[in-house]
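Q: Read off the chains here:
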Amino acid sequence: MNTFAELIIVVVILLDMALAVTGSLSGCIRLVAVQGVVAGLLPLLAGGGAAHGVRALIFPVAIVTLKGVVFPWLLLRARDRSGARKDVEPLISYPASILLCLGAFIASSWLGSRLPLPETNVAWIVPASLATIFTGFLLITTRTKAITQVLGYLVIENGIYIFGLALFVEQPMLVELAILLDVFVAVFVMGIAIFHISREFDHIDTAELSELSDWRSGEYGK
Amino acid sequence: MSLLLLALALLLCGALLPLCLRGRPGAPARAGTYAAAAAALAGLSGALPVLLSGEPATVSFPWSVPLGSFSLVLDPLAAFFLVPLFLLTGLGAVYGAGYLKAYEGRKDPALPWAAFNLLTAAMLLVFTASNAVLFLLGWELMAAASFLLVLFEHEKEQARKAGFIYLAAGGAGALLLMAMFALLGAGAPSMDFSSFSPPAGGTASAVFLLALAGFGLKAGFIPLHVWLPEAHPAAPSHVSAVMSGVMIKTGVYGLIRVLAFLRPWPEWWGWLLLGLGLVSCLGGALFALAQHELKRVLAYSSIENVGIILLALGLGVVAAACGADRLASLAFAGALLHVFNHALFKGLLFMGAGAVLHAAGTGELEALGGLSKRMPAAAALFLAGSAAACALPPLNGFAGEFLVYIGAFRALNAPGPVAIAGAAAGLTLATAGALAAAAFARAYGVAFLGEPRTERAAGAHAPGGLMAGPMWILAVLCLGSGLLAPLLLGPLAFAVGSGFGPYYGFLGGLEAMAPFLYVSAGGFALLGIVAIAAAKRRAFLGGREPAVAGTWDCGYAAPSARMQYGASSFAQPLTDFFQPLLRKIGRYPVISEYFPAKASFSLEAQAVFYNSVYMPAAARLRDLAFRFSWLQHGRLQIYILYIVVTLIGLLLWKL
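Going down the list, the sequences are from chains Z and R. In this text, residue positions in the first sequence follow the numbering used here: the first is 1, and each later residue adds one. In this text, residue positions in the second sequence follow the numbering used here: the first is 1, and each later residue adds one.
Read the hints as simulated data drawn from the structure, not as lab findings. This one's a predicted model, so the numbers in the text were calculated from it and none came from an experiment. Take every hint as true, because none was put in to throw you off.
Quick list of the computed label-pair ranges, beta carbon to beta carbon:
1. R:Ile643 x Z:Ile92: 14 to 24 Å
2. R:Leu647 x Z:Leu99: 17 to 27 Å
3. Z:Leu115 x R:Ala182: 23 to 33 Å
Incomplete in silico selection of chain Z near chain R, CB under 8 Å:
4. Leu91
5. Arg114
6. Phe137
7. Ile140
8. Thr141
9. Thr142
All residues carry an ideal CB built from backbone N, CA and C; glycine is no exception.
The task is simple: from the sequences and hints, build the whole structure.
A: See below:
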């Protein structure tokens, strides 16, 4: 059983790497969806044969449906409607991205060994979750489109989800539901915001939002 | 205590109702006024019994705020500050109902009334809170509500500037207080005042200095006064009365509470308080003399009076540190009594200034004149307030200062340092009193006497009943608490006892008894003399009407209002003498011909501290801040990067 879970962990890490180098927006959306589905399957496999009720089954199903079907559909629709360019428009080059991602993984391995956490029965689960969180931050900070910010947010949520699995043998459902609700609301709000940004500015490049800054260079000080 | 909670509830209703009743004309003002007046009655009847019996009351509710508990303590010291609070807010609300009528149609009355009641509620919390979190909540609410009121006439540049300075001063003060409470509560199990353990040595001094600066920014003594002369004139007059009469006293109150907590006091604390009191006493009176706007004169006079209170506190602390307990108790009693008296007469004066503003549309002294013929009652009331502010018997301003004087003179016989402190306090009080007398003679003389200088002043009218009534009540209270000072002895002793320790309370009551009797007897004697003189004058006139002519007529063929002494010329001899301190910008006529045709003379008062201390400091701070402006570039990604880096940094730090 645990070998299967560890396989999933490897897949999650590989998906992080892939996200760092994928230039296509729709590719990114699909990769995030796959990661969400894989992470959602993890509790079913990592439980180690403990008795699961119907409750424990419904929850992964809900997660897989949301992350694998609803979110990708919403995001792909947003991408089509906004009529933006189809690549992610990174601020740094793809090699730099993958190097940062690898660096994040190495840092997470070190961090995972230092954090005072209870023993887990799945190897690499803590470093993988931390690496996923860092990858999410990477997506948010180095990609210009608003839609990639949403993607980064979802990746972070995947990481938090896996991290939570590492901590609790069985997730307190209420906590998980709350996180999921947060993300769901956030995706909705961001979806609306993306539409507004693209309608007002004819693009969804958040870097252009700096036009709105009340602090124009050259006006003061310099 | 339940009456006090009722007052709090009424005030909160009074803050919400005006906002809800926005649409209906007249309703917000009515709701605000009735709520404030009802709360004042409830609050007074809750506070007075505590003050008369000396029995404290407490109440505590569970509160979900971290570290906070909703616990209120109503001890005699709190009650002693609550009485002027409710007197002034209740009377101020009635006055405000008349005062704000002039703005009907031009201003939305809902917000000022909501803010007024919120301000009162916040001050009630500040005076009674016994938990640091609750206290700070009240403190910040107080600053926010009064900030809204300072911005009442926000269309004026001056008011916006005042609001900004006020906000900056309030924020800085609150930060210092948070640091102070953090120091006090560092080892304590909760943030309740009762659970704090008194710090010792360096920590105690740090707490004292933080309290002095934090509370000082509200109390407004020099050099922390910069917001005060800007904010008081900007607010509507009934609010200025409350701000000057009570709100700045929250600083004094906080300082007393912290002092009481940090015993025994090192001697240098007393010297520091004494020095600050000395500077603000003299500075306030001096700057008041140089101002050209009626409410600014009053604002600087408030600085002077806070200086007097501080001076008395300093004298008391020095005396207590040197073991002269009888002197210390006398000084503490004087400080507290002056808090009460200043609230009454400064409230009266600001209301009087409001009546002038209301009638003539301006408070500029050079534009007024001759108002005593157009609004005789208001002029008489303003004169009474001025006499009290100059500490003239039989009015109440005299009683508090008299206690400090007695303390200062007795100190001269005491050992070394106390004698020096006493001499300093006595000399300062005398000098400041003389300067204040000059300042009020100038303000009253130029505004109310002589002939009107402008048409607006000539067309002034007497204030309506809503405005005159509260002024009459305050004037009667001023006279009453001067003449019947012995009646205040019991409450004062209780307040000193709960503020500084029962021992001082007992001694203070004992020591103050004789001076109070002198004050009272002297006052009645003075009234008797005045009555006899009036009767003699009447008999002398024998029914004949005295002739009336224009002031400064002097037999000129064509006298003009401009030939009178103006505000600048009246004060010129004194202000010239203090020019190095005042730094007035003057334009004097240069006479070069035999028959000079046209000449003009003007003197402009400077905000010395603001211009030469705070502005350069603020400019330097701004330059420093602009060096970091590259951090604020508007790029969302980089902002999130800041957060990520901070979070990772925190994670690694805690690892």
